[in-house]
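Participant: Here the protein sequences line up with chains A and B, keeping their order.
Using this note's numbering, count along the first sequence one by one with no gaps and you end on 785.
Using this note's numbering, count along the second sequence one by one with no gaps and you end on 1280.
Where hints are given, some of them may not hold.
[Stated by the list, open to error] Here are some chain A residues the structure puts well away from chain B; computed CB gaps all over 10 Å:
{"no.": "1", "residue": "Tyr171"}
{"no.": "2", "residue": "Gly421"}
{"no.": "3", "residue": "Ala480"}
{"no.": "4", "residue": "Ile525"}
{"no.": "5", "residue": "Asp562"}
{"no.": "6", "residue": "Glu624"}
{"no.": "7", "residue": "Asp650"}
{"no.": "8", "residue": "Thr651"}
{"no.": "9", "residue": "Gln679"}
{"no.": "10", "residue": "Phe691"}
{"no.": "11", "residue": "Val703"}
{"no.": "12", "residue": "Ile712"}
[What the hints assert, rightly or not] With a cut-off of at most 20 Å between alpha-carbon atoms, the simulated EDC-like pairs for lysine to aspartate or glutamate come out as follows:
{"no.": "13", "chain 1": "B", "residue 1": "Lys1042", "chain 2": "A", "residue 2": "Asp709"}
{"no.": "14", "chain 1": "A", "residue 1": "Lys782", "chain 2": "B", "residue 2": "Glu1259"}
{"no.": "15", "chain 1": "B", "residue 1": "Lys1042", "chain 2": "A", "residue 2": "Glu135"}
{"no.": "16", "chain 1": "B", "residue 1": "Lys1177", "chain 2": "B", "residue 2": "Glu1274"}
{"no.": "17", "chain 1": "A", "residue 1": "Lys784", "chain 2": "B", "residue 2": "Asp1053"}
{"no.": "18", "chain 1": "B", "residue 1": "Lys1042", "chain 2": "B", "residue 2": "Asp1053"}
{"no.": "19", "chain 1": "B", "residue 1": "Lys1042", "chain 2": "A", "residue 2": "Glu395"}
{"no.": "20", "chain 1": "B", "residue 1": "Lys1042", "chain 2": "A", "residue 2": "Asp581"}
Just so you know, these hints were derived from the structure itself, not from any lab.
The beta-carbon is built from N, C-alpha and C at its ideal position, and this holds for glycine as well.
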Amino acid sequence: MRRRRWPVADPNTTPYVGRAMKRIEDPRLIRGEGTYTDDLRLPGMVHAAILRSPHAHARIRKIDTTAAKAIPGVVAVLTGADVNASCGLVPCAAAIPDLKAPKHTVLAGDRVYFVGHAVAVAVASDPYIARDAIEAIDVDYDPLPVVTNAEDAVKIGSPLTHPDLGSNVAYTHNVSGGGNIDEAFRKADRIVKHRLYHQRLTPMPIEPRGVVASYHTGEGTLTLWTATQIPHLIRTLLPGMIGVPENKMRIVAPEVGGGFGAKLNVYPEEALIAHLAMRLHTPVKWIESRRDNAAATIHGRDQVGEYEVAVKNDGTILGLKSKTIADLGSYLQLLTPAVPTLTGLVLTGCYTIPAVKMEIVGVYTNKMATDAYRGAGRPEATYLIERLMDVVAQELKIDRLDLRLKHFPAPGDFPFPTSCGLVYDSGNYAAALTKAKQLANWDQLLKDRAAARAAGKLSGIGVSTYVEICAMGPSKAMPAGGWEWGCVRMEISAKVTVITGVSPHGQGQETTFAQIVADRVGVPIEDVVILHGDTSVAHYGRDTYGSRGTAVGGTAIVMCIDKMIAKAKTLAAHLFETTSDHVVFENGRFTSPGVTNRVITWPELAGEFYVAKNLPPGLEPGLEASSFFEPQNFTFPFGTHICAVDLDRDTGHVKITKYVAVDDCGPQINPLIVEGQVQGGIAHSIGQVLFEQTIYNEDGQLVTGEFMDYAIPRAHDIPDYILGSTVTPSPINPLGVKGVGEAGTIGATPAIANAVMDALEPLGITHMNLPMTPEKVWQAIKTKT
Amino acid sequence: MFPAHFDYVRPATVEEAVKLLAKHGDDAKLLTGGHSLIPAMKLRLARPQVVVDIGRIANLSYIRETGGAIAIGAMTTHADIEASKTLRDKSPLLAETASHIGDAQVRNKGTIGGSLVHADPAADYPASILALDAEIDVVGPRGKRTIKAVDFFVDLLQSAVAADEIVTEIRVPATAKTVAYVKTEQKASGFALAGAAVVIGPGGVRVGITGVAATAYRAAGVEKALAGQTSLTPDLIARASAQAAAGVDALGDIHASPEFRAHLAQVNTRRAIEKALTRA
Ligand SMILES: Cc1cc2nc3c(=O)[nH]c(=O)nc-3n(C[C@H](O)[C@H](O)[C@H](O)COP(=O)(O)OP(=O)(O)OC[C@H]3O[C@@H](n4cnc5c(N)ncnc54)[C@H](O)[C@@H]3O)c2cc1C
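Isolated chain A, as found in the complex (with noise of 0.2 Å):
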């Protein structure tokens, strides 16, 4: 059993920023009442079920819907001939110069480009019916040449996923910074190289994607339920594909079970259901199998790199060169391209590297897109750093801790510019890997990993030393704004009602934001709600992904709180007969120390506001506020995770069996749902260097579209984590918060590979392509005794 490590606090007491509270949230989705797109039941809705290639290219000579209309129960069988005009494009808002981009209709058009594209639409009274309808569609398939491989995509001669591009090149992107990277290579005393491979994931949330869109013919209005992270991205984006004014247009997010990215997105579907409930008249409810998901929701990574980093033999690094190839997939979806370039953004890693080269060349391939899952581009860039920096180490035969403490940039470089461009805000490097080093035991750690390979054991300790970038973001580097907005009303009876527009879908800001809340507006938690996920009742926000929400949102809701107190000042003045200035708000009440010995509280104030017959000439009635926060900055919270593993000799088996993790984010308002986050950000890691792949066959067959054959992490591969948090507040806003919705599997990928490559390193065993599943592991060790 796992030690229960946080006493829960009493929910009655104050503050409650910083207290680990359990989320209030989460009764109701234990309770089984969370109300799920597949919830959702309409007054006379229908239901569609999509027919998707089983191709991974071919072209489409005819499809013959007759047999499938004829069925009982189908309202309409359509193709894309049917629906595409009027359901636009599907976007992609990567603003990458000359990049190469093929047409994304909602439904194929005359070929189809990847296993799971959809190919036709069937709508019927019931799913069963739609299921069956659509198994009755004949489509005649004429298969074309496939390539799933982005190196071999690149060469001359291969099969091109789109003939009419002309390439299987998308985009080549050039990134340098920092001093002259010819010269750095140069000066160097040897020049360490090395490939890395980040295979394909499948976010496989649990609750996959569902849409149910109604339309209101005499309004002209169009509600559409979606399981997204990004309700308010999408109303930005929909009425350019389906012609419905953004004022007449509501988009809902409701209980959100996972995205990890795969939710951060414009779909087909989410057109396509819409267009339907248009034109039918009724109700439309898709829901997505789980075999769809795997197939047709985006998938994550997919990168090959070779590295190459200038060294002093004294381990000074003066620069590096990395050349990537990110496969695309056959489709960009909103960030496909933009992904790998994120990559480019954080190479250096927390390290003082001179000078820096990289190139992406971005490649289609007939395979599900790839795009923003858990971490986007930094955990590619965490996982090739680290890795290169135990490579160097042992090549140098330096001590790798040092190696690291040797291009920390100290605490008095803050705000550190690096050569990749960005300025991190604030950091102490060295202080989290000291905790780390002091929770892990490390001194002890390296005894009994000598001990155990003096009796003939495979032990290793794999360490990383993160730096990442959240709280996205500043306008000038998102592409559709980086800003958050938010709301806070008192009612009538008192009541806070606070709005916001970010998306939670597990984050666990209903509690966050109301621990913020209860504090700084001084009332009991039990009075605030927190409203989201609906653009008609949030009009705008920039939603969730790059861990935002509190660092941007919640600072949205400070900005309000302090005008609406603000507000309320003067009306407590008025009261007091003062000014403004001689009123003292303090836990929830308004005093005037000198003036008078009354106090004001909230019921009194808010019921003023709002019968509104005795306010001060010149003030609204009504006690709300509004804001928008722009950050001036990313955030770049940082930590270290250690990790020691045995090997199975004879199965290959990787065994954790220490895992401490030292993440700042900056003050900590729940620290319970910090380590959440954290817990299930690692838990993601050991799936991606140990097990999880998303696998295609030579053809372009998904073998890895269940369950079954897709493996995702489950309790029993999680061993029990140490936790420690260092806290450098962020100077971008003034919760001075950072953001820890991805620091978890930014940091223990590295820390987890590193771990078995040390253990293999007394064989010699140099290189391993991620997931180092047990079979690898023995067939390296085999290879070698």
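Position chain B with the ligand against the provided structure of chain A, taking the given hints into account.
Facilitator: Chain B with the ligand alone, transformed into the frame defined by chain A:
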């Protein structure tokens, strides 16, 4: 995931069920725990016209000692087998094996009869059924017959039970205590990549292997190498276990190559023998 249309009938007795099977022939499928059949139906890989639910027939779920054997009703769930004191005290191999199947939900619904008839090449029970030299009773239009474990698993997803027959009882020896089941899980499904079940008794050592080939099998090479040996030394065990996949056409897929499956069969056989010996 929506299955194709089917009719549903729920007979009250085995005799009635046998009649229904005779009537509907290949169009009918028996349903007990549903944990193999229903997933296949949802993926539309199985499309029975008629589902004959025998899950509620009385008196087919029991574990009791009869003579020198323990008799297990075909509809006994994995959870009941795992928890059975009779099995744990007298013949613990099936209980240990059941604890490796799926998760609690699967064990609460899935039945031993369903698992055996389904004959999944990676299911857990088959290895133990073989090592225990169990007997399986079936009832059909021609009456009742008993199938020996070695004759039960015919091919991939194919058992010796005819489409019109129903498994009613499984019998295992009541005295097999020096036993063990060691399994390497397929990481995604949790089924066996290679599972080795071992029964060590006065008559010698019996080894059943699952997950490795199209059907579970008795590791004849291992059994032969250990036959007549009075002292099972680590060295002897290792040499014998190396025969665990000898002459076997091992399966290969994205989860393990044939070579790795065969290797795991050897390792798990060795480990199972060593573990069984600690329970002597
Ligand atoms: C998520 C999951 C994980 C699993 N993991 C494992 C695992 O790790 N190891 C493992 O071994 N198994 C595993 N299983 C399979 C599980 O053990 C099944 O329960 C079992 O294989 C079938 O038993 P059932 O009672 O559910 O049979 P059903 O699904 O009802 O039937 C299976 C087949 O047997 C036939 N049948 C059923 N009962 C009889 C009978 N009495 N006589 C004749 N024919 C009959 C049916 O017609 C059908 O063809 C897993 C299943 C799931 C869903």
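Participant: Taking each numbered hint in turn, which are not upheld by the structure, reported in ascending numerical order?
Facilitator: Hints 7, 8, 10, 11, 12, 17, 19 and 20 not satisfied by this model.
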